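All chains should be modelled from the sequences, with the hints used to inform the complete structure.
Just so you know, the protein sequences line up as chains A and B, in that order.
Sequential numbering from 1 applies to the first sequence in the numbering used here.
Sequential numbering from 1 applies to the second sequence in the numbering used here.
No lab work stands behind these hints: they were computed from the structure.
As the structure is a prediction and not an experimental result, all values here were calculated from the model.
Note that CB positions come from ideal geometry on N, CA and C, so glycine has one too.
Careful: at least some of the hints might be erroneous.
Okay, the calculated bits of chain B under chain A, using three or more residues with CB under 8 Å as the criterion [as the list claims (entries may be wrong)]:
#, segment
1, 70 to 80
2, 107 to 121
Estimated spans, in silico, between C-beta atoms of each pair [as the list claims (entries may be wrong)]:
#, chain 1, residue 1, chain 2, residue 2, range
3, B, Phe47, A, Asp34, 29 to 37 Å
4, B, Asp101, A, Glu277, 37 to 45 Å
5, B, Phe47, A, Lys246, 30 to 38 Å
6, B, Asp51, A, Glu196, 44 to 52 Å
7, A, Ala265, B, Glu115, 27 to 35 Å
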Amino acid sequence: MYRYDEFDHDYVRARVSEFRDQTQRRIDGALTEDEYKPLRLQNGLYLQLHAYMLRVAVPYGTLNSRQMRTLAMIAERWDEGYGHFTTRQNIQYNWTKLTDVGDILDALADVEMHAIQTSGNCIRNVTADHFAGAAADEIEDPRPTAELVRQWSTAHPEFAFLPRKFKIAVTGSPNDRAVTKAHDIGLRMLRNDAGEPGYEVIVGGGLGRTPMIGKVIRDFLPKDDLLPYLEAILRVYNLHGRRDNKYKARIKILVHETGIDDMRAQVEAEFDRQMREEGGPLVAPDPVQVAKITAYFAPPAFEVLPDASTTLETAMANDAALAAWVGNNTSEHRTPGYAIVTVAIKGTGEAPGDATTAQMRVLADMGEKYSHDELRISHEQNVVLPHVRKDDLPAVFSALRKAGLATANAGLITDIIACPGLDYCALATARSIPVAQDLSRRFAAPERAKAIGNFTIKISGCINACGHHHVGHVGILGLEKSGIENYQITLGGDHTETMAVGERAGPGISAEEVGPAIERLVDAYLDTRADENERFIDTYRRIGAEPFKEALYAA
Amino acid sequence: MPLITDTGFAPDDAITLTPLDALPEAGEGVALDLPLDADTEAVAAYFNRLDLIVIPFPNFGDGRGFSLAKRLRSLGYRGRLRATGHLIPDQYAFARFCGFDEVQITDEQAERQPENQWTSATRALPPFLRRRVSGWV
Ligand code: HEM
Ligand code: SF4
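Quick look at the structure:
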């Protein structure tokens with residue numbers, strides 16, 4: 001895992017005292033509210049419905065047990081005993097007091113964490129595949145790239161006042177778990193015909209009120225050219241992105257209005273200009289630095305084990321719950337005898353992504369004891385233990401079960417993504433958490449969920465789409481109609497490498513109708529699927545939306 | 001309208017600015033008023049006749065000027081670069097790293113944000129560049 005160098009340490013500390021000073025200048029009146037706001041946001045502090053919210057960065061979703069314990073401590077000491085893991089692989093505290101912020105930031109700095117650039121019109125926390133460095137299908141670990149991008153983008157003097165926020169995601173696997181096509185820039189690691197490593201660069205994806213699937217701007221970018229190329233994209237965006245309307249300010253709109261070919265020409269010209277600069281581009285990658293970063297992500301010392309574990313097999317034979325959990329919540333590790341564990345942070349009837357102090361401590365213990373001191377936050381609002389010996393799975397399961405963290409629903413219909421919605425968010429038009437809770441109770445029976453198979457439901461409490469509803473197999477968007485919550489259903493979305501934006505099924509329905517309507521939809525799917533292996537999304541693609549619309553509105 | 005450099009405030013030099021469309025006819029030692037949407041490649045042909053380029057910041061949240069400065073430097077402009085309008089002390093270092101030599105603000109703002117706030121604002125290089133400069137990398 002990455003460890004801070006002296007520059008990171010210095011910077012994070014200096015930034016805390018700088019923020020204390022900025023807050024003081026706001027109080028003195030030297031800074032107007034307008035001038036202070038972006039500074040506050042770039043330090044992760046939002047004003048929400050009931051209190052301030054602090055958004056803490058978990059760079060590319062990777063953290064160690066000590067850091068997880070600090071997150072637990074912050075929840076206990078300065079919040080209401082829980083934190084919310086988000087689709088951006090971050091954690092948010094919903095009840096932060098302004099007077100505590102400096103102390104919280106200091107506590108974070110003690111364990112090499114911060115809240116820098118988790119908000120504001122700047123390059124945000126970089127996200128990556130949560131199975132990085134563990135997945136069997138991975139070409140290359142995306143985290144050294146994500147870390148390089150983090151270093152480059154931190155306090156970047158040119159790009160702190162962009163037209164709008166800017167999100168970059170990286171995947172090292174052809175199976176895209178990082179939703180790269182819904183980011184301002186998505187990077188897919190690959191090799192060209194000569195076997196050289198590089199990236200496919202995708203630009204202009206995004207959700208929100210105008211969902212767009214990112215377009216390929218460069219099909220092969222040699223690895224060494226990454227930073228100058230990113231710099232070129234950002235410069236074109238900073239100069240030409242729209243600033244007249246905040247709803248049209250994301251790069252996706254610029255790409256859409258300019259056209260990808262024209263955009264590509266401008267970016268390539270900017271890139272060439274830098275490459276011609278005297279002494280080469282300022283941000284040319286330094287091989288020594290790159291090697292140093294890469295070394296931090298060297299695989300842990302895995303044991304040489306047979307792939308099958310007799311300990312596990314015996315235990316599973318005697319414990320159906322364990323077998324179900326292993327079958328569903330573990331993924332293939334690249335090392336024989338190991339597995340990747342997905343810990344569901346969404347038990348039946350719980351708010352997706354909310355973890356209590358006690359749960360965070362159990363997760364930290366599990367990471368330390370069984371996963372080479374590593375944990376991941378996934379954009380699905382779950383926590384991942386990336387490197388667990390199969391022999392240890394029974395012990396991990398039993399400890400998680402005691403903490404209420406052993407729901408066997410990864411990838412199933414109750415593995416719901418939901419944004420905070422009207423329970424917390426100042427922009428919300430409807431609640432999303434209660435809808436998620438209701439659905440999670442309706443589909444709680446494990447056999448039924450298992451029979452339905454892979455099925456994603458994603459819920460947002462307003463058009464901003466923080467809950468990724470556009471790319472859910474079923475998306476639920478909470479709106480408001482004459483003071484009453486009204487939910488619009490979309491069908492056929494897909495967040496993976498075959499990304500698709502869901503289609504609106506028809507008129508919105510009331511909160512109480514959502515659960516029954518989704519149940520009818522699921523029944524219609526079970527009745528029409530070709531066989532057990534045909535997922536809902538496949539059936540939808542085969543037979544179209546009509547039968548599902550009928551089912552939704554049958555009542 | 002004080003001018004701000006690394007040593008602090010200096011009085012306004014009240015220099016006469018040449019608008020972009022008058023550039024072809026202007027002589028030597030020109031101080032150019034460069035609009036944010038200017039075609040920088042076209043301006044590059046005149047670099048050797050320019051002493052100063054002034055880039056406006058209509059609002060401190062509008063960061064176009066930073067990229068424009070970087071592009072001018074990347075095109076080889078070596079003369080003086082000034083940011084004028086609304087920048088706050090917290091952006092001074094950003095402006096310097098993007099290639100500006102000085103910042104000019106309004107009297108009203110200078111009253112609210114006096115010299116000491118500009119001189120005490122961070123001047124530290126961003127960590128990425130500090131690594132590079134220190135030879136760490
Ligand atoms: C509670 C306070 C929050 C506020 C005020 C907020 C605000 C916004 C806004 C205004 C947008 C639309 C941006 C645009 O289209 O230009 C957006 C998008 C988004 N936010 Fe949030 N958000 C909040 C919480 C969250 C949470 C909790 C998550 C993670 C679960 C999140 C993740 C995202 C994502 C993934 C998008 C859509 C992707 C995109 O940027 O296009 N946000 N948010
Ligand atoms: S989607 Fe809307 S309601 Fe949900 S968190 Fe984002 S801004 Fe708030």
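Going through the numbered hints above, which ones does this structure break? Give me the numbers in ascending order. 4, 7
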